[in-house]
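In case you want the letters, here they are:
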Amino acid sequence: MQAVSVNHALGEELYELAARIFPICRSITGDGVRRTIDILAAYAPFERKEVPTGTPVLDWEVPKEWNIRDGYIAKDGKRLVDFRRCNLHVLNYSTPINTIMSFSDLKTHLFTLPDQPTVIPYRTSYYHENWGFCIAHDQLGELERLGGPFEVVIDASLEPGHLTWGEYVLPGRSKREVLLTTHICHPSLANDNCSGLALMALLARELARSERPVTYRFLLIPGTIGSLTWLALNEAAVGNIMAGLVVSCVGDAGGPTYKRSRRGDTLVDRAFAHVLPQDAPGHRIIDFFPYGYDERQFCSPGFNLPVGLFQRSQFATYPQYHTSGDDLDFIKSEHLAHSYAIIRRAIGIIESDRVLVNLFPKGEPQLGRRGLYGKLGGTADAWRANMAMLWVLNLADGEHSLLDTAERAGLPFELVARLAAVLEQAGLVRPKAEAL
Amino acid sequence: MQAVSVNHALGEELYELAARIFPICRSITGDGVRRTIDILAAYAPFERKEVPTGTPVLDWEVPKEWNIRDGYIAKDGKRLVDFRRCNLHVLNYSTPINTIMSFSDLKTHLFTLPDQPTVIPYRTSYYHENWGFCIAHDQLGELERLGGPFEVVIDASLEPGHLTWGEYVLPGRSKREVLLTTHICHPSLANDNCSGLALMALLARELARSERPVTYRFLLIPGTIGSLTWLALNEAAVGNIMAGLVVSCVGDAGGPTYKRSRRGDTLVDRAFAHVLPQDAPGHRIIDFFPYGYDERQFCSPGFNLPVGLFQRSQFATYPQYHTSGDDLDFIKSEHLAHSYAIIRRAIGIIESDRVLVNLFPKGEPQLGRRGLYGKLGGTADAWRANMAMLWVLNLADGEHSLLDTAERAGLPFELVARLAAVLEQAGLVRPKAEAL
Amino acid sequence: MQAVSVNHALGEELYELAARIFPICRSITGDGVRRTIDILAAYAPFERKEVPTGTPVLDWEVPKEWNIRDGYIAKDGKRLVDFRRCNLHVLNYSTPINTIMSFSDLKTHLFTLPDQPTVIPYRTSYYHENWGFCIAHDQLGELERLGGPFEVVIDASLEPGHLTWGEYVLPGRSKREVLLTTHICHPSLANDNCSGLALMALLARELARSERPVTYRFLLIPGTIGSLTWLALNEAAVGNIMAGLVVSCVGDAGGPTYKRSRRGDTLVDRAFAHVLPQDAPGHRIIDFFPYGYDERQFCSPGFNLPVGLFQRSQFATYPQYHTSGDDLDFIKSEHLAHSYAIIRRAIGIIESDRVLVNLFPKGEPQLGRRGLYGKLGGTADAWRANMAMLWVLNLADGEHSLLDTAERAGLPFELVARLAAVLEQAGLVRPKAEAL
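Residue numbers (our numbering), protein chains in the order written: chain A, 41 to 476; chain B, 41 to 476; chain C, 41 to 476.
A portion of the hints provided could be inaccurate.
Identical chains blur together in the list; that is why a pair holds if it fits in one copy or across any two.
What the hints assert, rightly or not - Derived lysine-lysine pairs resembling DSS-like cross-links, with alpha carbons at most 25 Å apart:
(1) K402 <-> K104
(2) K372 <-> K115
(3) K118 <-> K402
(4) K472 <-> K372
(5) K402 <-> K215
(6) K472 <-> K215
(7) K104 <-> K115
(8) K402 <-> K115
(9) K215 <-> K372
(10) K372 <-> K402
(11) K89 <-> K215
Calculated directly from the structure, the hints in this document are not laboratory data.
On a predicted model such as this, the values are computed, not experimentally measured, just so you know.
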C-alpha cells in the first residue's frame, strides 16, 4: 500500500541544487553559510539572521567567526595537500598557520582513517583552538617518506564576527507551528548535508504555494550552536511548536530512519509511524537517544519539544559518513525524491489531523438515503471508502482523531480524511473544535 | 484444559429446531418473522412485538412490510425458476411483478455468482425498490439460450404494515442485564441464521429453569432496522446492560470467532478471552470493526455498549456465505452444541464474577486449622484447589474480581469461583458489594 | 556485559559456613535454631529473639517448642533407622514415642519416595501432632521382610517453650529499610537452606563494614510462623520497608530464579530485572504467585510489601528438593559466590538509585568547557561514559531515577551512577531530594 508518489523531476531538481552548494566550504560560522543561504533563497525567501561573537546562548557562547581562503602542505613549492582540491583537507575551524616544519613536527596535526586508507576524513575543532590537516592514510606514508621540510599554510581567520543562520516563516491559519530544521555547517559532504538543505528549500517553495492550516518555520542552522542560539532567542515562543522535524542526510540509499522525539508518541512520531510502513519497506523507527543532530537540543529536558529526526541511513553507520566518500556519487535523485515525498506526506497528516464529532451517534446514520453508500458489486476501492466512512462515524466521539481512526482501521490517513470531508459535507460529522 | 462439556442430545435438538425453521421465507418484516417467533415460543415464551411502518427510529424509518406468496420465471407454462423450490430465488424485498418479457429485458433483474456457477446467491434490496431473481450462473446461460418470452411473476406485497421482533426478558436478582440478540431476517440459510435462532431458544429455555443473579434479555430481531428500532424504544434502559452478545452463524465447522466490543476489554470480552483458549483450539478473537451484524448499532458511539459477537467462521469468509450452499448439510449438531456450551460458559462467568474482600488480609489465614488445606500427597486436583484458595485470598483486596484472579492464576474461572465460595462459607472472605 | 565479579575466596568461605551448620537438626522451634544463630553470630551480631508458645500472631498461634535428642527403629538392639546418622529420618516435629511394634502397625508412620527409592524424604508435621520416620523406599521392603517386632523410639519433647529467630539491624543514613530474610527451620538440607543462611551472614558482615545510605534488616526466621510472628510484632514499622528479598536455596547449579513481588514493578523487582540479564545468562524472572517461601506472608494483601524471592533452581523443580539428595555435594562454592555477587549488586542499585534534576535543562550544557567530554578517538569505554552523561542530563527532569536512565540507555546502572556523580560534582545536576 504505497501512498506517496515519487516525483522524478523533483528528484533531479533536488540533486542539482545539492550539487550546486556542494563545493562551498561551510562551517558553524562564516561566509560559507552566508553564501549557501543566498543560493537557497532563490527557492524560498530564507532570511539571513546573525548574532555577534560572544553572545551568551543558554550555557554556551557564540564563538569567533571562521573564514578560510586557502590551505596546503607543500614541498619545494609543490602542493601535496591542497584545500582548493578538497575543502575537507583543512581541519574545520583551524587557526591560521604559515610555517615550515619537518614531518615529525607536522604529524600530530595530521588526521587520517587507517581503516579506510584512501579517503579523507572530515574533522572539526570548534571549541578547542587547534590547526590540522585531514588526509588519506595512504598519503601519510608518502609524506613520511618525503620527510620534509614542508611548507605548511592555513590562510584562515578566526576572529570576532557573527553566527549566521537562515530562517523562513510561512504563516498559516493557526499560530500552531511545524518546525522544520536542518544543519548548514558541513563543508563538501553531499549527503550530510547538501541533501537536507536542498530538500528544505524545495519543500518551503511548495508549501508557500497554497494556504496552510498551520504555520511553518524553516531553519537552516549550524549544528548545536545554531539550535542553542535559536532556542535562546525564541524561548518564549516554543510553546507554539506542535511538531518538529530535524532533516538530514536524505539522499543515500539506506533506511529511511525515523528517530522518535523524546516524548516518543507525539503527532510527528505518529505521523511517521503511519507513513513509513506504507511507503518505505526498509524503514527503521528508533527511539530517542541524546546523541545525533539538533534533536538533542530541541529534546533537552527543559524544552522537551515534539521534534523527531528523519534520515535515510542512520548517521555514523555507513563508511562514507564524515569522509570524502560522502560525495555527489553517494546521493541519488531517486532517494532525494523519496525522502521528500515521505516528509511531505507526514507533514500533510500533521497539518490536517483533527477530531470530529458524529452528529448522529446513536446507531448508524442511513448512508444509503444520502447517496453515500457504495453500490452492489463495488470495487475494492468502494469497499475501502465505505469502511473509511463507517470508521469515521464510529470513532467520531470527540476522543479520536483522524489519525487514530486511520490507525485503528488499518487504512491510509488520506482516505480516511477524504471520507471524513464527505461526511462533514453531508452534515453527519462536525469538527470538535477549530482545525488544529 | 477443556472446561465445557458438549451435550450431544442438545446438539440434536438444536439441529432439529434449526431444520424446522429453515424452510420459512423470512425478511426484515412480514409473516415469515411472525411464524418463526411462534415456533421458537414453544421453547421459551418470546413475545411478538411490533411497530408500524413509518415509525421514525433514530436516523431511520420503519419500512413497508413485505410478504411473498409465490414467484417464478416460466416459459410455455413450465416453471424454470421457482420460489416454491427455493425462496432464495426471489430477490428479498422484491416489488411485485407479473409480465411477459424477453431474456434481454429480464437479464438486468437476474443475479448470479459467476465464481460459483451452481449455487443460488442470496440478495436483498431493502431500502431501494426493485425486483429480481437470484439463480445459479449456469442457469443464466440456459435462459439466454431459450431467449424467451418468459412469464415473470412475483406475487408479493410491499405495503404499510409492521416491523416484528421477538423479545423475552428473564428477570434476575439484579436489574443489571445481559443482552443476547440474534437476527431473524434471513430466509432459508441454515447457518445464517437458523442456527443462531435455535441456539437462542434453547438457551432461554435453560436459563429460565433456575434462579438468575442477573436479568437476561433475548432479542430475535431483523438485522440493522431491528436493533435500531429496539435501541430507539429502549434508549433510557440501555444503561442496565452490563454485557451483551450478538449470536449468529453458530453451526458450521469453523472458528469459533469472537469479535470484541468497541470498548474491547469489557466483561463479555474478558469472559470469551478466558473461555475460548481453554475450550476451542481453533478459535480467533478479533478486534471490533464497524461492519458485520447488529454489534454495529449497539457499539455505535452514542451507545457504545459492551456487546460482542460470537460466530463460528467469520461472516463473508466462506464460500457458502449468503448462498444456497448454506443449507442443512452445512451445519452440524456437534458444532451447534459446542457453540452452545461456550456461550453458556461465558454467560456463567459474566453472571457470577465478583470482587471479594479478605477478612484476614495480613499474612495467610491458617487454612489447616479450618480443615481447608489439602492433605499430604494430594492429587493434582487437590493441588489446583489449594492454589485457587491461595490466589483468592491473595487477590481478595477489593480490587480484583474472580475473573482477574482466574486469569492471573492461570486457572479455570469455575474452579476459582468454587473455592471462593468455600472460603466465603469459612468466613475468610466476603463480597465487596452485592453480587453483580 | 557481565558486571558482577565473582569472588572465589568468598565462595569457599560461604561453602565452609554452610557445611558447618549442615549437621544441626533445626525445626521451626527449638535448640537447633538457637545453635545455628549462635554460629552465624560470629560473622555478624545476629540477636536471638524469642516469643513464648501460645502467643497469638495474626491468625495463628506460636506452637509448642520441639527438641529432639535421638530416634531410631531397631530390631534385636540393632539400629536399622538412626536419627544420629541422618536427622531427616525422624518426621520433623514428631511427638515422642517409645514402644515395640510389628511392621504392619509401624508402616503407616513410615514415609518414603517410591519414585526415588534410595533417598530419604524430608517431611514435617508442624500443626498436626503425629510421629513418624522418613526412610529410603528400598529400606521399606527390607523392614517388611524383617517383619518386626521393632523397637521404635523417638526421644523428643514437644512442650511449651519459645519460637526463636535471628535479627540484625544495620542502621543507615535513612530510616528507609531493605529487608533481607531467609528461613532457618530446615535440618540437614544443604541448598535448602544452609546456603541461604551462610550467604546472609557474610552479606551482613560486608554491609557492616562501611556507611550505608539506607538501613538494612536481616532476619533468620522459621518459615511461615517466623515471618507471621515478625510481621505481627512489627506491623507499625513495615512502612519503612522500601525493598525486601527472601533468599533461599542459593548454592545449586540452576537458574538463578527471581520471583517478583506481588506488586511486580517495585524497586527490588526492577533491580533484579536489570542485573540478571547482564550477569546470569540462564536466569528466569517469574511472576509472583501465592506459594513458596515467606514472600507469601510479606506479599499478603494486608501487607503487600515490595519483597521478592531469589533462588537458583526454583523450589520443588529438582529431584534433590526436600530429600537427603540435597547434601553438601549438591551445592558448590562457585554458585554460592555467584548468588552473593548478584544479590550484592542488586542491593547496590536499590540503595543508590535516586532522582536527579538537571540545573541546565535547556539545551545541553557545554561539557567540553568543563573538561567532561571524551577526547577524539576515545575508546568504547569513553564512548559509553559520554553516552551515560548525556542520558543522565537528558533524563534528569525530576521524574526519572538513575535506574530508569540505565534501563532506557541500555547501560549498566553503575556506569550511569558513576557519571551522575561526576555531573553532580561539576554542578550540572543535583538530587531531587535526599538520597533514598
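State the violated hints by number, sorted upward, taking the hints as numbered earlier in the document.
Failing hints, ascending: 2, 3, 4, 7, 8, 9 and 10.
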